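**Student:** Sequence:
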Amino acid sequence: ALLKCIWWRILLHIMLTFLLVCVFLGQSELVGLLSEYFTIESPSSKETHNVYLYGIGLSLLACSTVLLSILFYVGEKIGGIIRILLTSTIYQKIIRLSQVSLINLTIGRVVNIASNDVHRFDEALLYYTFFVATPFHC
717 ALLKCIWWRI LLHIMLTFLL VCVFLGQSEL VGLLSEYFTI ESPSSKETHN VYLYGIGLSL
777 LACSTVLLSI LFYVGEKIGG IIRILLTSTI YQKIIRLSQV SLINLTIGRV VNIASNDVHR
837 FDEALLYYTF FVATPFHC
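Each number in the numbering used here comes from the position in the sequence shown (counting from 1) with 716 added on.
Hints listed in this document are in silico derivations from the structure and should not be mistaken for laboratory results. Here the structure is a predicted model, which is why all the values come from computation and not from measurement. Hints are not guaranteed to be accurate.
Pair by pair, the computed Cβ-Cβ distance ranges are [said to hold, decoys possible]:
hint	residue 1	residue 2	range
1	ILE772	GLU792	27 to 37 Å
2	LEU750	VAL848	17 to 27 Å
3	TYR753	LEU784	25 to 35 Å
4	LEU735	ASN828	33 to 43 Å
Pairs of lysine-lysine residues, derived as BS3-like cross-links and limited to a Cα-Cα distance of at most 30 Å, are as follows [said to hold, decoys possible]:
hint	residue 1	residue 2
5	LYS793	LYS809
6	LYS720	LYS809
7	LYS720	LYS793
Ideal placement from N, C-alpha and C gives every residue a C-beta, glycine not left out.
I would like the entire structure built from these sequences, with the hints used as guidance.
**Tutor:** Here it is, written out as structure tokens:
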């Protein structure tokens, strides 16, 4: 039921995450190419021209990193939607419980589950990007 509601948002988040990983990899490669230029003792005009292109590419990738910061907003929004759905599920489950099982269930326990445990989905989707990008970036 959860995936039926937000599958396209999760798919968008995954696609943006992989795009951001590609941008990170491109930035690290261009920085490596730029640093190789400064080890050459007498660079030719062709190598100098290539370095300018590397610098332009690095600048464009830095701008795209800023534009892809929407990924954190999308992750936060998906986490909030999951939080609402899970809190609603907990509420529906409590309504269906019998009177005998409600005696053992305290209000504090329900509030703890609904606030602390469900809040972890917000934080998990917020930092999911770094979790995916780290193996490729190393």
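**Student:** Out of the numbered hints, which ones does the structure contradict?
**Tutor:** none
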